[in-house]
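**Q** Residue numbers (the working numbering): 205 to 842.
A couple of the hints might just be wrong.
To be verified - DMTMM-like, lysine to aspartate or glutamate: derived pairs with alpha carbons at most 20 Å apart:
#, residue 1, residue 2
1, Lys-494, Glu-595
2, Lys-446, Asp-424
3, Lys-727, Glu-758
4, Lys-741, Glu-675
5, Lys-453, Asp-488
6, Lys-453, Asp-368
Worth flagging that the hints you see were computed from the coordinates, not collected in a lab.
Computed from a prediction, not measured in an experiment: that's the story for all the values here.
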Amino acid sequence: MIRQFKNRNFYIVLCADLVSFAVSLLLAYGIRFAFEIPPYELYRFFLILPVVFVVKTVVFALAGVYKGMWRYTSIPDAIRIGKASVISSLAIIAGLTLVHRFQGYPRSVYVADGIFTAFLCAGFRIGIRLLSTRRTPLSALFTSETNDSEHVREVRLIIVGAGDAAAAIIREIQGNRKSQFAVVACADDARAKHGQSLLDIPVCGPISRLPYLVRQCQADEILIAMPSVGGGAMRDIIATCKATGLPFKTLPSLSALADGRVNVHDVRDVNYEDLLGRSAVQLDWTGIGKCLAGKTVAVTGAGGSIGSELCRQIIRFKPAVIVLIEANEFNLYTIEKELRAEGHFEALRPALGRVKDRELMSHLFDKYRPHAVFHAAAAKHVPVVEDNPWEGVLNNTIGSQVLMDVAEEYGVERFVLVSSDKAVRPTSVMGATKRVAEIFLQCRKPGKTRFMAVRFGNVIGSSGAVLPLFEEQIRAGGPVTVTHAEMTRFFMTIPEACQLILQACAMGEGGEIFVLEMGTPVKINDMARDMIRLSGKIPDEDIEIRYIGLRPGEKLFEELITHGEGIVATSHEKIMALRRAEDTAAGALERTARTNLAMLSDAAATYDSARIMEALSKVVPEYTPSGATADCAASTSA
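Construct the complete structure from the given sequences, taking the supplied hints into account.
**A** Have a look at this one:
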């Protein structure tokens, strides 16, 4: 309230309300006496007017009427004004009854006064909003932007979609006098919307009529405002937009939008992520909040693709402390700078170091005592780890084991291992080392710390992923290199993956390996062709697609579960869980893993690829090495 008194606009609105209070009371008296108010009633009017001013102003302030920005008056604001008007009128009537027993004061006047107050105060605010959102000829007379030489031609915009996202964009454009855009029409396939208006913008028909609407409305650009549309429908929409010959942009999926809110600054070019058409994730915000809000949270690999997004999402739940553990100095600097720029100063605790460093991890856990740990640090690039298998062992296996030991020692409540679909029947060192980490996690005895893993496929936009490579090759004019015409992969967006990791953290009881619903596998060949078309080129004509063969450790098809792994549904439709191993089986797995852990550690320390392969094969019998590492191991053993 004190802050409001420092705001010049508050006094402007207050003066307007005081005038409205006086006019509404005078109007009520006028109607009561047929606009021939007797002198004694006029005297009572002036006598009661100061009381009306004080009571209504206090009630309006307590009701929060003056907290809203009158440029953006909405239905909730109007309802708030209506309630405040009724309450203030009832308060005046009650006061007159107690003091004067309502003798000499016409009751109908104060009933009508409450109604008139609501209409006048709300009407004033609505009028201000209309003037601020529409550049009418009248408003233009009072602006200084009348110089023709400074006039910028409006960009005439057609919006595809007539839902909440379209309404948000239209509202923002109309509310910004400096906006260069003018929305001229909407197109939507919902027949019930045809012929209707969305914030005074006509919905002119289905999306298939877009080429006709472009000519009819003399449009300059198209905006696709359908963030929840499926991938197949998005392909059709893009094809229709291309047929118009106009530039077109889109909004990102709801899962990628901050808090799911649409903003004109989110508008961007169409990319392959839009063609996936992943539906927005529904989260148990309360459950996740209980795990994170006010707690100390540690994220390893905090500067990586998954780790950094986890940090962005975790910080929204207002943890007391978030420890950013990262081995790469620049990545740590980058994520810390980003989070600080958003105003998160006190919660951040950057820590430079590797998870395999037991002394450092013990020091950090002793210092900060985290309640939840998200272990996203990993050596994840298959060909690189094939050439340097010791790094895969040190990071993915030894590092995970160290972190789990330290988490258990310091009483961490929840520990989440970020795993990979490459851990299923692995053919690569990366996948095998991830599988060993899963085994160690599943073998943990139930205790204070709930250990769980989350297994999923490729994420779009991660460092070293195929999409950035394709984009770079397309910009260079080709060729686009595809390993195999039949290769498929599971894909999801980074924000979606991280949301589901947080959800799994809230759901886990301990010992689970959660598997995320990845949708239908995507052919990498089809992906390359789609991306070439999105760039406006024709595959095999404008840009060559060259097949280069599988790289060491790669598989044609990825899997999310191994044959024989029991999978059960969970309370979340996009998360499944593997059944926890029986105690006997878990004990045998743990003994095998621990027996060979020393061998793995020694082999990694001496850079012995052959012994690394041997130890991994003993712990993960389904591991079938391929490529350079297998050849190296064979030649070494020979």
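**Q** If a hint holds in the structure, say so; if it does not, say that too.
**A** Verification of the hints:
Using a Cα cut-off of 20 Å, the hinted pair Lys-494 and Glu-595 is violated, with the two alpha carbons roughly 36 Å apart. As the CA atoms of Lys-446 and Asp-424 are separated by approximately 13 Å, the hinted pair is consistent with the 20 Å bound. Under the criterion of a C-alpha separation no larger than 20 Å, the hint pairing Lys-727 with Glu-758 is consistent with the structure, at around 15 Å. About 12 Å separates the Cα atoms of Lys-741 and Glu-675, which keeps this hinted pair within 20 Å; it holds.
With a C-alpha separation of about 32 Å, the suggested pair Lys-453 and Asp-488 falls outside the 20 Å cut-off, and the hint is violated. Proposed proximity of Lys-453 and Asp-368 is supported: the alpha carbons are some 17 Å apart, at most 20 Å.
The structure fails hints 1 and 5 (numbered hints given earlier, in ascending order).
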